[in-house]
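Residue 1 is where the sequence shown starts when you use the numbering used here, and the numbers rise one by one after that.
Bear in mind the hints are in silico, worked out from the structure with no lab data behind them.
Here are the simulated EDC-like cross-link-like pairs (lysine to aspartate or glutamate), alpha carbons at most 20 Å apart as the crow flies:
#1 K214 with E142
#2 K108 with E55
#3 K214 with D245
#4 K145 with E212
#5 K214 with D247
#6 K254 with E294
#7 K188 with E216
#8 K138 with E153
#9 K145 with D247
#10 K188 with D148
#11 K104 with D60
#12 K192 with D179
#13 K213 with D175
#14 K208 with D162
#15 K169 with E153
#16 K172 with E212
#17 K128 with E55
#18 K68 with E82
#19 K80 with D117
#20 K72 with D117
#21 K138 with D179
Derived CB-CB ranges, DEER-like:
#22 G279 with E212: 49 to 57 Å
#23 L121 with K208: 35 to 43 Å
#24 P89 with K208: 40 to 48 Å
#25 M181 with S51: 57 to 65 Å
#26 G190 with G106: 47 to 55 Å
#27 G106 with D175: 39 to 47 Å
#28 K233 with G290: 31 to 39 Å
#29 S180 with K145: 17 to 25 Å
#30 Y93 with S167: 34 to 42 Å
#31 T266 with N304: 20 to 28 Å
#32 G279 with G147: 35 to 43 Å
For every residue, glycine included, the Cβ atom is placed at its ideal position computed from N, Cα and C.
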Amino acid sequence: MYKFLLIIMSLLLAACSNEKTPEITGQSPADIEGGIATKSSEPYTKADSSSFALEISPVDANRNSILKLISKGFDLKDAKVEWKFNDRPMFGYVASQFNSQAVKKGDKFQASASINDNKVLSNVVIIKNTPPKISKVKLLPEVFKSGDTFSVETAANDPDGDEVKISYKWLKNGDPAGDSMQIQSPLKRGDKISITIIPFDGEAYGSKVVLEKKIENLPPMIVGDTEFNFDGKIYTHRVRADDPDGDPLTYSLKSAVENVTIDSGTGIVTWNVPRDFTGSVPVIVSVTDGHGGESTRQLTFVINPPAKENEK
Numbered sequence: 001m002y003k004f005l006l007i008i009m010s011l012l013l014a015a016c017s018n019e020k021t022p023e024i025t026g027q028s029p030a031d032i033e034g035g036i037a038t039k040s041s042e043p044y045t046k047a048d049s050s051s052f053a054l055e056i057s058p059v060d061a062n063r064n065s066i067l068k069l070i071s072k073g074f075d076l077k078d079a080k081v082e083w084k085f086n087d088r089p090m091f092g093y094v095a096s097q098f099n100s101q102a103v104k105k106g107d108k109f110q111a112s113a114s115i116n117d118n119k120v121l122s123n124v125v126i127i128k129n130t131p132p133k134i135s136k137v138k139l140l141p142e143v144f145k146s147g148d149t150f151s152v153e154t155a156a157n158d159p160d161g162d163e164v165k166i167s168y169k170w171l172k173n174g175d176p177a178g179d180s181m182q183i184q185s186p187l188k189r190g191d192k193i194s195i196t197i198i199p200f201d202g203e204a205y206g207s208k209v210v211l212e213k214k215i216e217n218l219p220p221m222i223v224g225d226t227e228f229n230f231d232g233k234i235y236t237h238r239v240r241a242d243d244p245d246g247d248p249l250t251y252s253l254k255s256a257v258e259n260v261t262i263d264s265g266t267g268i269v270t271w272n273v274p275r276d277f278t279g280s281v282p283v284i285v286s287v288t289d290g291h292g293g294e295s296t297r298q299l300t301f302v303i304n305p306p307a308k309e310n311e312k
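With the hints as extra help, turn the sequences into a complete structure.
Structure representation (structure tokens):
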């Protein structure tokens, strides 16, 4: 019995050794993961036209814009670029960007690119309103003095030729001080003023311009020097001045002949005229406010010879 079983097992093993191993065709060892066959990778092919895109940027363009072509899925260097301006081909223009300064509001642009027998159209861009711009602004007067007030001289231009209106907003020490070309408030030393200027073309506001200034010390102003008298020995002449800041004033002589004096508080100049003197002498008077402000005035004292007896 035992021998019979050995014979049966030997026959079964011989049958298994003669059976062929199944073949896996069309696959490499790398296609088999964990003993499970996977599908082979597809060969690489170029993207079709559905993957191409062309865009003009910016979409909201105006006359200050540089129109640029942006491609997707292909290189513009490999394509034939064509532009259309108001639906008409721009023959010979193949650049990837366009300066729109020479066009006008409402003009229309579109571009196309031809590559590998495919033609790709861009979006349509219509030139929109271009905001106005302040081209000139000047604060007047350049040298501020007593009695002056500030105003501005402005000019604006609009690339589209639209009419431009300019608005003004004055502030003095942070408070409103007028909305015209001239400030509507008196000024004194230490005041800080500003003006904001904004152009408007009826559709859009342009960039604002802001000017700022601090009012420094205002110098005194000589308002009179015509009061004089000569009694034959003493010549007097009064100089009067005002200070816009209300500062107390001091009068002095910057240049004078001998025997000329001045009252520092009243501005009265006194000259003890030498006996038998005739002719004229120059005198320069200075008025200061104690804060660096000064005004000067040159006077001329004239002494005429006495009238002769036969001329009386």
